[in-house]
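Start from chain R and add chain H according to the hints.
These are the residues of each chain, in order.
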Amino acid sequence: MMRVEALTKTHPGAAAPTLREVSLHAPPGALVAILGKSGAGKSTLLRCACGLDAFDSGAIEVEGTRVVGGGDPAPLLGKVGMVFQSLELFPHLRVIDNLVLAPVRARGDDAATARARASELLRDLDLPDKERAFPSALSGGQRQRVAIARALMVEPRVLLYDEPTSALDPALKTEVRRAIERVAERNGTTQLVVTHDETLAAALTQTVFVLEGGELHRAQRL
Amino acid sequence: MARIELLAAAIGVLAATAGAGADTLEAVQARKVLVWGADAQGGAPFEFPDPSDPAQLIGFEVDLAEALAAQLGVGARMQQGAWDKLLELLARGDFDLALSGIEATPDKQSVCLLSHPYYVSPERLTVRRGDASAPRTLAALRGRRAGTLPGSAAERILRAAGAEVATYDGGQDDVYRDLRLGRTDAVLLDETVTAYFGAVDPALEVLPDSFGEVRYAIAMRSGDAALQRAVDGALAALARDGQLRAIYERWGIWNAETAALLGDADATPRGPALAWEAWRASTGFQPPFWVRLFSRYPALSGAFARGAVLTLVVSALAMALAIALGALLASARAFAPKPLAALAVFYVEVFRGTPLLVQLVVLYFGLPELGVTLSPFIAGVVALGLNYAATESENYRAGLASVPASQLDAARVLGLARAQALRFVVFPQAVRISLPPMTNDFIALLKDSSLISVVTLTELTKTYSMLANATHDHLGLGAVVCAWYLAVGLPFVFLARRLERRLGEGQLGVAR
Chain R
10 MMRVEALTKT HPGAAAPTLR EVSLHAPPGA LVAILGKSGA GKSTLLRCAC GLDAFDSGAI
70 EVEGTRVVGG GDPAPLLGKV GMVFQSLELF PHLRVIDNLV LAPVRARGDD AATARARASE
130 LLRDLDLPDK ERAFPSALSG GQRQRVAIAR ALMVEPRVLL YDEPTSALDP ALKTEVRRAI
190 ERVAERNGTT QLVVTHDETL AAALTQTVFV LEGGELHRAQ RL
Chain H
492 MARIELLAAA IGVLAATAGA GADTLEAVQA RKVLVWGADA QGGAPFEFPD PSDPAQLIGF
552 EVDLAEALAA QLGVGARMQQ GAWDKLLELL ARGDFDLALS GIEATPDKQS VCLLSHPYYV
612 SPERLTVRRG DASAPRTLAA LRGRRAGTLP GSAAERILRA AGAEVATYDG GQDDVYRDLR
672 LGRTDAVLLD ETVTAYFGAV DPALEVLPDS FGEVRYAIAM RSGDAALQRA VDGALAALAR
732 DGQLRAIYER WGIWNAETAA LLGDADATPR GPALAWEAWR ASTGFQPPFW VRLFSRYPAL
792 SGAFARGAVL TLVVSALAMA LAIALGALLA SARAFAPKPL AALAVFYVEV FRGTPLLVQL
852 VVLYFGLPEL GVTLSPFIAG VVALGLNYAA TESENYRAGL ASVPASQLDA ARVLGLARAQ
912 ALRFVVFPQA VRISLPPMTN DFIALLKDSS LISVVTLTEL TKTYSMLANA THDHLGLGAV
972 VCAWYLAVGL PFVFLARRLE RRLGEGQLGV AR
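Protein chains in written order, with this note's numbering: chain R, 10 to 231; chain H, 492 to 1003.
Hints are computed from structural coordinates only; laboratory data are not their basis. Hints should not be assumed to be uniformly reliable.
From the derived model, a few chain H residues whose C-beta atoms are all more than 10 Å from chain R [stated by the list, open to error]:
{"no.": "1", "residue": "Pro693"}
{"no.": "2", "residue": "Tyr838"}
{"no.": "3", "residue": "Ala901"}
{"no.": "4", "residue": "Gly906"}
{"no.": "5", "residue": "Phe915"}
{"no.": "6", "residue": "Val979"}
With the C-beta cut set under 7 Å, the calculated list includes, among others, these residues of chain R facing chain H [what the hints assert, rightly or not]:
{"no.": "7", "residue": "Leu61"}
{"no.": "8", "residue": "Met91"}
{"no.": "9", "residue": "His101"}
{"no.": "10", "residue": "Phe143"}
{"no.": "11", "residue": "Ser145"}
{"no.": "12", "residue": "Gly149"}
Cβ atoms here follow ideal geometry from the backbone N, Cα and C, with glycine treated the same way.
With the rest of the complex left out, here is chain R (with noise of 0.2 Å):
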């Protein structure tokens, strides 16, 4: 579960708002799409959704844990999962240790367990042969797979998804889609898919958002 209440961000030094008021509930489970040109504030909107950055006035709550604006965000960190436009998979590291990196060093989950888990999740995600390859070899397809299956890792009540499919060519984005579908079908995941492609919002969710100069609204039938 995820609710934002009221939130209200402004950048340093800018005149106006990115976000005014943005309100929005997900409840457990739920996959919500919100829909956004380049520069309306999705990625703001993200960023302070997951505790990197702050915000000035209103709320973000996930299951328990309750941010107020102009205060710290970082209890959400390590609770809400993000997948990246970029993706930020580690380059230096294995697939494998990509994905136990978190769970060892941050969580303290014993190597040997966190690594079944993480093949596991791969096999999920159709990449059971790639635990030992570096992400400079798969494919961009696979990439996005790798960086989901590494954010559930450490198990997040929310996950947030940038632009997940921004990149990709038609038939990649069809792998993305079904893989967020099959988080929401065995995980439980509340998710929120940010984008700007209208086909993904629509194929993925009927509780669509529209986000617009700063301001978030329900949609209208797609």
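Chain H in isolation, oriented as in the chain R frame:
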């Protein structure tokens, strides 16, 4: 005696010599060894590697030091030091006294005690044989290019005469070579030097006139009056029983001025100048290259190996210091609060913006003024380390800058603490970028370590200069010393390349 200085000396054992203030004479007697400072690179006839057995140090001052020590009832050990730094090294306590053709001038008496002179050397002018326009008088030297050794009486005479003076740090050989090559028109130097470098060369002509004279004396620390009395007593005894005269005759430098100094009525040498003949014979005839390759160079392996070990140990320790401090500086610049970051910038600019040589000299000769006396070894390692830390920190900063900030974000969102994110995600990627320039720097440091010869350490380059000056074999020994440098440096290059490959696994780049 005096084998070319051992590594043990380098490791700082020589700091055992008493520092200023203690009674040096008592220390010498307790130690049973007189440690005398001299520069073996100065060459013949003072103290220099024997051309026919370069591992052996010989010279009239070697003989003199041994005779002197014997008078005092102790042994003698030479300590290498750069000639123009001998008095500073003496003041630091690096040896008991300095005996290396030091001119007895009044200005020295304010910084040290001088013994009675033990030798008088006229200044002789050497010109190219058959050079019609050669300057043959002081007046003729005005505006002409004349070579000599830096800081010598000859230099002062030349400057007073209005000559355009060229001085050489490399040794006497260079002074006369430039005269032969026409880069200078005359050389003015002590008769001692002239006899061994000018007079032996058929292409050169030594004028018989005296252009002034210098007296050599032994320098001791101010306050060592007891040692001074003992040394003067010993010199007088050596003059009385003819030992001094015998030494000077053997080396072919007995002259009327010295005879007068020692109260000897007979200025004509009685015996043959055996040592001078031997020197002339060994330098006048260079063995063919293959003979040097198979007999002389292998025989010098020991001397070069000692130099190489010192070069390597100093460089490796300095690099370790540079890496640790460099990482700290780069981290301060990237992550510390502003005042600390500014301090790091200040450090980097100061240490990379000023010459390493200046830093080393300040550290070694300057710090004792503040009561901090570092051993030569420590001073060398610290100076190189502090200097290269500045370069290293810039390498690491470049490495850090090459990792996108979004990598740190991604790690943070996964729940890694900032320190963990830096350690596991950012640093490993940054190191990969920094490694090739680091390898570069280590090789540069290896070569820059030759500067530590300024603080009495005989590393590879110093070993080379001493041997090359003694044997006149600059080309062949040059190849040998280059081979040694490569032998020391290349293994690290290969290691670094392997590490690079391992760190670079999975990462694509234009060049691998």
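Hint by hint, which ones does the structure fall short of?
3, 4, 5, 12
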